[in-house]
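K.L.:
Chain residues, written in single-letter form:
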Amino acid sequence: MAQADASMELDNRSGGSVEKMVTADGLPLKTSLRRAERRSKLFAFALVAPLLGFLLIVFIFPMAQMMWRSVDNPQIINTLPRTVEALEAWNPSAEELPPEEAYAALNADLAEGLERDRGAIGRLQGRLNNDVSGARAAVRSVAGQAGDRSEPFKDKFIEANALWGEPAIWRVIQREGRPLTASRYLRALDREYAPDGSIQMRDEGQRTYVALFMRTFALSATILGLTFLLGFPISYYMATLPMRYANLLMIFVLLPFWTSLLVRTSAWIVLLQQQGVINSTLVGLGIIGDDQRLSMVYNMTGTIVAMTHILLPFMVLPLYSVMRGIPPSYMRAAKGLGAKPWTAFRRVYFPQPLPGVAAGGVLVFIISIGYYITPALVGGQSGRMISNEIARHIQGDNPGLGAAIATLLLVCVMILYWVYNRLVGADNLKLG
Amino acid sequence: MAPKDHNDAFVAFDRVQKTYDGEQLVVKDLNLDIGKGEFLTMLGPSGSGKTTCLMMLAGFETATFGDILLDGKPINNIPPHKRGIGMVFQNYALFPHMTVAENLSFPLEVRDISRAEREKKIARALDMVQMGEFGNRRPAQLSGGQMQRVALARALVFEPDLVLMDEPLGALDKNLRERMQLEIKHIHETLGVTVVYVTHDQSEALTMSNRIAVFDDGRIQQLATPDELYEKPENAFVAAFIGENNTLRGKVESVDGAYCTLQLADGSRVQALAVNIEGEGAESTLSLRPERVYLDVSSETHDNIFEGEVRELIYLGDHIRVRMNVCGNDEFVLKMPNDSHARRLSVGERVQVGWVKEDCRALDPS
Ligand SMILES: Nc1ncnc2c1ncn2[C@@H]1O[C@H](COP(=O)(O)OP(=O)(O)O)[C@@H](O)[C@H]1O
Ligand SMILES: [Mg+2]
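Chains as they are written, first to last, in this note's numbering: chain G, 1 to 432; chain R, 1001 to 1366.
Note that these hints are calculated values from the structure, not bench results. There could be a bad hint or two in this list.
[Unchecked claim] Pairs of lysine-lysine, DSS-like flavour, derived with a Cα cap of 30 Å:
(1) K1251(R) / K1232(R)
(2) K1121(R) / K1082(R)
(3) K1073(R) / K1004(R)
(4) K1036(R) / K1232(R)
(5) K1251(R) / K1335(R)
(6) K1357(R) / K1251(R)
(7) K1121(R) / K340(G)
(8) K1120(R) / K1028(R)
(9) K1073(R) / K340(G)
(10) K1036(R) / K340(G)
(11) K1082(R) / K1028(R)
(12) K1082(R) / K340(G)
(13) K340(G) / K1120(R)
(14) K1082(R) / K1185(R)
(15) K1232(R) / K1357(R)
If we strip away everything but chain G, and leave its shape as in the complex, we get (with noise of 0.2 Å):
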């Protein structure tokens, strides 16, 4: 840039009046200028370009897959057309069951797919059921002879499985017979449609996910919460130290970052076991009696004791970094001007590492949001957090609905981000 910009002298020697402003060579101004930019913006993008590639297939490309099965629904129109088409006379709220055409043509399509493709059976079965209990069993029970059976096939059907009897799986064939579906989110906020295709509420013993987001959120606040509280006076303490020490201390706020997750987890197991060195400890000491002895790990104790470990350098390291740069005299001079100690630490020291504290606080809460493997081992049940379901629900036979509930995440976290940039502004965030 600094050589472009050199060479483009104005000439402003020749004639009184120069129109157009030009180069020392002739060309205009503008153009001189776009084109030493464009060169500098290439060379941008060429440094850019491999880390852009590798996230676009590791990240980007992923990431899509995901939402994209959170509505894909290929199972039901893709096997049963016949079925979905009979079925859009019927009417849904009314609970009486479809005409026989409607179990004729479901015997057709599943006679038709046994013949052509056995996967799309097993596949069709696994997507009834998510939204059906009993579906599998249902199905399973009238495909095999689809070929031979003949009319009426609606008693034949009721009589295989009971199922074919109620309106809800017919309800859940017309509705879903599309390619694209929502009913995962509404799932994932323990909502579902009602017979009039209106949305409602899940049974309450059936809700889970509203409550388990809502816990993960309290987690995450309360860890957030938790690595504040330790991280600041650490971080305060390591920054009016000589680099000497303060690198010392550091190494020990970053040992959780050295060290492996299962030597971490072994640890904090035996430290807070029932059994444990804490419980021992406890009971030597006759604080506790030897039946009184708490439980810390397997639960939501468990879970929040080690996250915070975990997370307690991402507080630290840009609170630190952002208090190494706050020069003693500041609070010298609120002190000087008359203010007491803790006037001129709350007013004068406490709103300039702002910045840091957003910034760890962000990072924070949007990583304990999504953590999974420390939750899954030492969180028992009550500390179990939204990733956990995610996790199972992608392993197991509901992977479009671990997608919906990720893809929610992804947009909490967005929204955080949003906030944060309108609060505090993304060029604030300082990391060490």
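We have chain G; now place chain R with the ligands onto it with these hints.
P.N.:
Frame of chain G; chain R with the ligands shown alone:
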């Protein structure tokens, strides 16, 4: 303005010593009385302990030994926020998250001054430093000189009796610095506040101060008014540190009342004022201001006449700086006024130079 005696002092350092590491004294036996309303400057090279003295006075460092008294009362055990001393830091220390007005409001708020009263005082203080328009700006939106002014206003807004300034103009360019020196001086004269000012710039000290304490190596080398300091330095360090100075080294040959005769290394004899010598036979440093050396003068009017050879001429507009070899000293400098009948010199020329013995001070050998 200088205090009549120790009991009259507004600020007093009484045998104060300070060490940071327990091995080395950074301030050694400091005794200093500062009068009410005085502008006292601590002047000295970097590392001579000036900031340390100021910090002890402000309360941010504790004296290892000795007492510091403010208005007759020892303040060693009073925390900084109760001392009521205004302070201007070298980097200004304006609170970056507050506007200019909020910065000024801070010392008033912590003193529980009412809002209306605060606004009046802030406006007055900002007007005093000609920053009335800038109340809503943040420090980051100000230039160095403007920040300096705000820092000054903030140190004065709560009307302290004592204001400390630690190299407040160090970060400004030369022109601005000189303007601010005068402004601070005028503010001091208007308000009558006591100022303790720290600088390593001798011309700044000479411009602004009522009295100057020259620091070196943790001690006050001389405490005097600017003119006295310049014209009557008491030791070789002060003579060399303040203003330009010709230094000639020699042995005292004879002492005659207030005067003495020195023999220099090349054998030439110089008559001088005996200021700070140990007696006959002792080593001594002669200090002679370049503007007190004259060309082509006679031995009737001037006690010391020598022949010198011009080595270098530097044209400085109002005067010409002439470097010559005199008495075997190659760094001998004189200032020749550039008036209409100034003599034209050329390099290599040999000329007569002379000075009177009152202008030539025989000091300690260092
Ligand atoms: N906080 C401190 N800890 C240790 N030594 C210090 C500290 N502050 C100053 N010193 C030392 O004390 C001496 C005097 O410093 P200072 O008072 O800042 O001098 P000045 O302001 O005259 O330049 C220097 O040698 C400096 O290294
Ligand atoms: Mg200093």
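K.L.:
Now, for every hint given, state plainly whether the structure supports it.
P.N.:
Comparing the hints with the structure gives:
| no. | hint | in the structure |
| --- | --- | --- |
| 1 | K1251(R) / K1232(R) | holds, 21 Å |
| 2 | K1121(R) / K1082(R) | holds, 20 Å |
| 3 | K1073(R) / K1004(R) | holds, 18 Å |
| 4 | K1036(R) / K1232(R) | holds, 25 Å |
| 5 | K1251(R) / K1335(R) | holds, 27 Å |
| 6 | K1357(R) / K1251(R) | holds, 16 Å |
| 7 | K1121(R) / K340(G) | holds, 22 Å |
| 8 | K1120(R) / K1028(R) | violated, 44 Å |
| 9 | K1073(R) / K340(G) | holds, 21 Å |
| 10 | K1036(R) / K340(G) | holds, 27 Å |
| 11 | K1082(R) / K1028(R) | holds, 27 Å |
| 12 | K1082(R) / K340(G) | holds, 8 Å |
| 13 | K340(G) / K1120(R) | holds, 24 Å |
| 14 | K1082(R) / K1185(R) | holds, 27 Å |
| 15 | K1232(R) / K1357(R) | holds, 13 Å |
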